[in-house]
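Given chain W, put chain C in place with the hints provided.
Number of protein chains: 2
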Amino acid sequence: MNFSVQVKVMPLKELLDPQGKAVLGGLQNLGIKTVQDVRIGKTIQLQVEAGSPDEAKKIAEDASKKLLANPVMEYFEITVL
Amino acid sequence: MNFSVQVKVMPLKELLDPQGKAVLGGLQNLGIKTVQDVRIGKTIQLQVEAGSPDEAKKIAEDASKKLLANPVMEYFEITVL
Numbered sequence: 000m001n002f003s004v005q006v007k008v009m010p011l012k013e014l015l016d017p018q019g020k021a022v023l024g025g026l027q028n029l030g031i032k033t034v035q036d037v038r039i040g041k042t043i044q045l046q047v048e049a050g051s052p053d054e055a056k057k058i059a060e061d062a063s064k065k066l067l068a069n070p071v072m073e074y075f076e077i078t079v080l
Numbered sequence: 000m001n002f003s004v005q006v007k008v009m010p011l012k013e014l015l016d017p018q019g020k021a022v023l024g025g026l027q028n029l030g031i032k033t034v035q036d037v038r039i040g041k042t043i044q045l046q047v048e049a050g051s052p053d054e055a056k057k058i059a060e061d062a063s064k065k066l067l068a069n070p071v072m073e074y075f076e077i078t079v080l
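Chains W and C, in that order, are what the protein sequence lines are. Start counting the first sequence at 0; every next residue gets the next number (numbering that gives the first Met the number 0). Start counting the second sequence at 0; every next residue gets the next number (numbering that gives the first Met the number 0).
Pulled out of the complex, with its shape left as it was, chain W reads as follows (with noise of 0.2 Å):
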């Protein structure tokens, strides 16, 4: 079977994320005062052929840890859709 998978890379809470506080100067400049705080990720959609769909998570975690995300300064999230 074919599944749907989302990954979502954000960078580490305890880091700054100098991407996000562009975007909010951006913002602000644009007049909406509203938004308080911008962090940044990635969404990455992956098309996963598996048996089940934890077999599909695992897939996804697999190549999370080996590619998609950097330890370092990323944490991920798994969906399966």
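What you were told as hints is all true, and nothing was included just to trick you.
Calculated lysine-lysine pairs in the DSS-like style (CA-CA distance at most 30 Å, straight line):
1. W:K65 with C:K41
2. C:K64 with C:K12
3. C:K56 with C:K12
4. C:K64 with C:K41
5. W:K32 with C:K64
6. C:K65 with W:K41
7. W:K57 with W:K12
8. C:K7 with W:K12
9. C:K20 with W:K56
10. C:K56 with C:K7
11. C:K56 with W:K12
12. C:K32 with W:K65
13. C:K41 with W:K64
14. W:K12 with C:K65
15. C:K7 with W:K20
16. C:K12 with W:K64
17. C:K56 with W:K32
18. W:K7 with C:K20
19. W:K7 with C:K64
20. C:K64 with C:K7
Hint data in this document are derived by calculation from the structure and do not stem from the laboratory.
Then chain C, alone, in the frame of chain W:
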């Protein structure tokens, strides 16, 4: 009240995603051959000051249209967490 709003920005389904194709190639080189397609987008987490979840969503929508997403190449989905 402070709301955490998540904006997912993905390349339009009709468009080729070269970054995703590169990651797919990388996964196959690593021996992960059960992944059949990869698409890569952005996750943007906003902290929004608003009176209600609906208002927070509207602010995020406004921000997405004005700055976060490029409608020529991307679509966005908003979730109030």
